[in-house]
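Student: Listed here are the chains, written in short residue letters.
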Amino acid sequence: MDHYERQLRRALRGYPPHDRQRHGEEIIATALDLRDPAAEEPSRGEWWALLFAGLRARLRERPSLLWWLAYRSFGARLPFRYRMWARDEALGRWFPLRQGLAVIGCSMLLLSPLAVLVLYSPVGSQVLQSGDPLPHALAELGQYQVPIELTNVLEALGFVAVFFSVQLAGAGRRRRETLRKHEFHPDGTPFAWGGGAAGPTQPTPR
Amino acid sequence: MALREQSYLILLALTDGPLHGYAIVTAVRCISDDRVRLAAGTLYGALDRLGHDGLVTVSGEEVINGRHRRYYQLTEAGHGVLAEETERLERLAQTARARLRAPRPQPGMGAA
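Protein chains in written order, with full-length UniProt numbering: chain A, 1 to 206; chain B, 1 to 112.
If you are wondering where the hints come from, they were derived from the structure by calculation, not from laboratory data.
Don't take every hint at face value.
[Claimed, not checked] Stretch by stretch, here's where chain A covers chain B in the computed footprint (C-beta under 8 angstroms, at least three residues):
#1 15 to 26
#2 37 to 45
#3 65 to 79
[What the hints assert, rightly or not] Short derived list, chain A residues pointing at chain B, Cβ under 8 angstroms:
#4 A49
#5 A53
#6 R56
[As the list claims (entries may be wrong)] Far from chain B by the CB rule (all over 10 angstroms, computed), these chain A residues:
#7 L8
#8 P37
#9 V116
C-beta: ideal position from N, C-alpha, C; glycine also.
Build the full structure now, drawing on both the sequences and the hints.
Tutor: Below is the structure:
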């Protein structure tokens, strides 16, 4: 593989993984056929056109914000048009990390109203030494500084480590579940190859 | 359904029958008198959109000299859209010709 092909393959990273698996070699082959024999690397225009074609494909397949939140928060099954995104997401290297961060984000989102309630509760008021309205209470809370100690930091790090270890341990099961929910086998091949508009007629061996 | 010039030329190239990527680029260059030279990214971006709209489909694939080839062909819908767009361009060309044949207004001969 020479510098020209390496550059092409770099631009190809703009495509979603499933597109790279299905069309990547074909795109590279065509680009190499079109290569000017004297050229040592693809022209800037060609390189960007390839990258943007991939990014457009990525953008088109991304679920809308509401579907994304439903998927992340509750593991909802995405509509058919987004299933390839779900497939790539589940097979992605950082799937356990994304899942873990989603759990933390959702927990914070759900627990934040509880924090407000605590501030208004008798206990909260006593701690803040006031029954003041919320903005004042929050201002006081901001002034209250928790002394940072090494043991606290270690405890926090320990919690994070345990949390992500649990995530990692359950990642395989969740991955299979996500794939099954979107009608894919554990290796990412669909249950049935419908041969969509520009899809392959046969599964491509991987 | 108005088509971009590149998409129109790709559909036109596929009227010959199923073609692979490189053959499409060559045919487009030939049809456009060497004016339109598609890069791989542009070609597959356009094929992807056309496929998404149901105008082209994959008819087969093979590996030649270690290079992967996938053949694309026009669908019925693609054929219809191509015919429609050709008629639209024809009407446009007729209008343009008629306007060009009309005598040009001379300077100073407009409404007084």
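Student: Hint by hint, note whether the structure agrees.
Tutor: Verification of the supplied hints:
1. 15 to 26: holds (count 4)
2. 37 to 45: holds (count 7)
3. 65 to 79: The restraint on the region 65 to 79 of chain B holds, since 5 of its residues have a Cβ under 8 angstroms from chain A and three suffice.
4. A49: 3 angstroms, holds
5. A53: OK, holds: A53(A) within 8 angstroms of chain B, min 3 angstroms.
6. R56: Interface hint status for R56(A): holds (6 angstroms vs cutoff 8 angstroms).
7. L8: 8 angstroms, violated
8. P37: 15 angstroms, holds
9. V116: Given a closest Cβ separation of 46 angstroms, the condition holds.
Checked against the numbered hints above, the structure violates only hint 7.
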